[in-house]
Amino acid sequence: MVLQTRNRSFLQAFLLLLLCTSTSHGTEQEAGSLLRWKSTLLLANGGDEPSSPLLSWLATKRTCSWRSIMCDATGRVAELSLPSAGLHGTLSALGLAAFSALTKLDLRNNICGSIPANISSLTYLDLSQNSLSGELPDTLPSTSQRMRYLNLSANGLNKLTGVIPPDLFMNWPEITSFYAQNNSLAGSIPPEISNVSKLQTLFLHRNNLYGKITVEIGRVASLWRFMLSCNSFTGPIPHSVGNLTSLVLLGIFCNNLIGKIPLEIANLTALESLDLDTNQLEGEVPQALSALQSLEFLDISNNKFSDVIPYLNTRKLLAISLANNSFTGVFPIVLCQQSCLQILDLSNNKLYGKLPRCLRNMQDLLFIDLSSNAFSGNVQMSKNFNLSLESVHLANNGLNGGFAHVLKRCRRLLILDLGENKFSDTIPSWIGFSNPLLRVLILRSNMLHGSIPWQLSQLSFLQLLDLSGNSFIGIDLSSNYLSGDIPPEFTKFVGLRFLNLSRNHLSGGIPKDIGNLVILETLDLSLNELSGSIPSGISELMSLNLLNLSNNHLSGEIPTGSQLQTLVDPSIYSNNFGLCGFPLDIACSDGSNSTAALFGHSHAQEIEALIWYYSVLAGLTFGFSLWSGPLLLFKSWRVAMFSCVDHIQDRAAKWIFAI
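In case it helps, mature numbering (1 follows the signal peptide of the UniProt record, and there is no 0) puts the sequence shown at residues -26 to -1, 1 to 633.
Take the hints with a grain of salt, since some may be wrong.
Said to hold, decoys possible - Once the Cα atoms are required to be at most 27 Å apart in a straight line, the calculated DSSO-like pairs of lysine-lysine come out as: (1) Lys133 x Lys186; (2) Lys234 x Lys278; (3) Lys172 x Lys186; (4) Lys396 x Lys324; (5) Lys290 x Lys278.
Everything labelled a hint here was simulated from the structure, so no lab data went into it.
Model the full structure from these sequences, guided by the hints.
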C-alpha cells in the first residue's frame, strides 16, 4: 500500500516536472519570437519614448512581465495588445504558430503587410486602422473555430481586397462581431451568413460590394447593428429584414436600392437609427414607421418618395431628414409634437403654405432646413421660439414681409440663410450684436433695401456674407479688421450709392468690375493695403462725386474720364507712391497726364495762340494801312479806285444779264 502511494507520488512529480519543462521551453520559444519580431520593427522616435511598451521587452526579464503581454496560468502568452504603439512593420516575422495559448491579438493602428494565415487559437483579432493589403486569405475561416471578434476595418491607403470567403460564416459559429468597413472588398454577402446565429454586429459599409442583399440575412435574429452603406447594392430591401427584431441600427444609405420600404419594417420595434438616404427608393413612406417607438434618427433623404409626409407618432426622434424627395402638402403639424427634435431637414421638396406657429413648440431644435420648397407668407414665430437654434435655412421659398425679429434672441445662431425669398425690410442693426457667433449670413435675392448697417462689422466670426440681388443703397464697413481681397460680389450691388471700406487691412486689387456700380456716388477705400493699378472702369462711374483711395499701395497711371476730371483734389490719391497722372503733380513715364504736363501743355497752347493772334492782327493792320494810306493822302488815287469799282460793276451786270 505504501509502495503504491510512493509510486503515485513519484508519477505525479514526474508529470509536473515534464509539464514545467514543456512550459519553460514554450515560454522561451515565445520570447524568442517576440524579440525577433521587435528587431524587425521601426519604432516611432526610435522607440525611445518613455511610453513605448517595447522598452520593457528584454531577454533578461520574464516574458509575462513585459508590458502589453498577458499570460495564462501556465505562463504562456495569452494576450498581445499594442494598439497605436507607433509600430511600423509587418506580422510576417511574429510567427504566430509559436503562440499556442494566444487568444487575443490587438495591433490596430500600427502595421502593414497582409493578414497572417495561422491564427488557430485566437478568439479576438483587431487589425483595424492599419495599412494591410491583399485579399482575405482563403484559409482564414479554417484557422480558428473559436473566433468571436474580428475587426479588419479602415486599412489605410492599401485597403483589403477580394471577396468575403463563404466559409468564414460556416466555420465561425461563435462570432459575434465582424468589422470590415472602409476597405475595397468586392462581391456579395454570402448566403452562408445565415449560419452565424450569434452575430450581433456586421459592418461592411464603404466597400465595393454589389448585388442584391441576400434574404438569408433575415435568419440572423441576433443582429442588432447592421451597416451596408456606401456600396453598390441593387434591388429592393428584402422583406426578411423584418425578422431582425433585435436590430437597433440599420444603415443601407448610398447604394442603388429600388422599390418601396417594406411594411415588415414595423416589426423592428427596438430600432433607434434608420438611414436609407441616397438610393432610388420610391412611392409612399409607410405609416408603419409610426410603430418604431424607439426611433431617434430617421434619414430617407435623396430618394424618390412622393405623396404627403407620413404621420410619425414617435416621441423620441432627435433627427429627421426627408430632403430631396417629392413630398407634397403643407408643413405636417405632427412634426411640431416632436418636442425632443434637434435636427429637421425638409428641404428640396414640394411643400407649400404658411409656416405653422406650432414651430415654437420645438424648443430643442438646433438645425432647421426648409429651403427650396414653396412656403409663403410671413415668418410668424413666437417670441418664445427656440433660443438654442444654431442653423436656419429658409432659402428659395416665397416667404415675405419683414425680417424675422424673433431671431434677435438666438444668440447661438451660426448660420442664417434667408436668400431667394421676398423679404422687404431693412437689415436690422441688432444682428451685429444679438448673433455674435454668426459665421454665415445669406440674404441674397430678396427685396431688402436701405443701408447695410455698419453693425455687421461686429460679427467677428463671419466667414460668408451674401447680400447680392437686393436694393441696398450703401455699405459702411469702415474701421474694422477686414482682411484679404475685396470680394468681387460687391460689384453686383448695382443699386449701391455709397461704399466705405476704409481703415481696414484689405489687400489685393480694386475689383476690375467696379464700373458696374453705375450710380455710385461715394467710394472710400483709403487706409488699406490695396495694390495694383486703378481699374479703368472707375472712370465709368458718372455719378461719383466723392472718391478716396489714399494711403494704399496703388501704382500706375490714374485713369481719365469726364467725371474723374472733376475730382481735382490730389489728396484723394496721396500716399500711393506708385501712382502718376492727373491730378497728381507726378508725370508718368511717357511724360503725359500729370498736372504739370497738362497745365504746361495748356499754357504753351495759350501763348502760341496769343502770338498767332497778335501776328495776324499786326499783319492785317499793316496791310490795311498800306492800302488805305494813299487813298487818304492822294485825291487822284481815290478817283481812280472808285472808277475801277464802277467799271467792274458794269461788266458784272452785263455778264449776269447775258446769262
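- Message: Holds or violated: Lys290 and Lys278, Cα atoms, limit 27 Å.
- Response: Satisfied, since the Cα-Cα distance of roughly 26 Å is no more than 27 Å.
- Hint consistency between Lys234 and Lys278 [alpha-carbon to alpha-carbon, up to 27 Å]: Holds: Lys234 and Lys278 sit about 10 Å apart, inside 27 Å.
- Query: For the pair supplied as a hint, Lys172 and Lys186, is the alpha-carbon distance within the 27 Å limit?
  - Reply: 23 Å, holds
- Message: Please verify whether Lys396 and Lys324 have alpha carbons no more than 27 Å apart.
- Response: Holds, because 18 Å separates the two Cα atoms, which is no more than 27 Å.
- Query: Lys133 and Lys186: Cα distance at most 27 Å?
  - Reply: Answer holds: Lys133 to Lys186 is near 23 Å, not above 27 Å.
The structure shown violates none of the earlier numbered hints.
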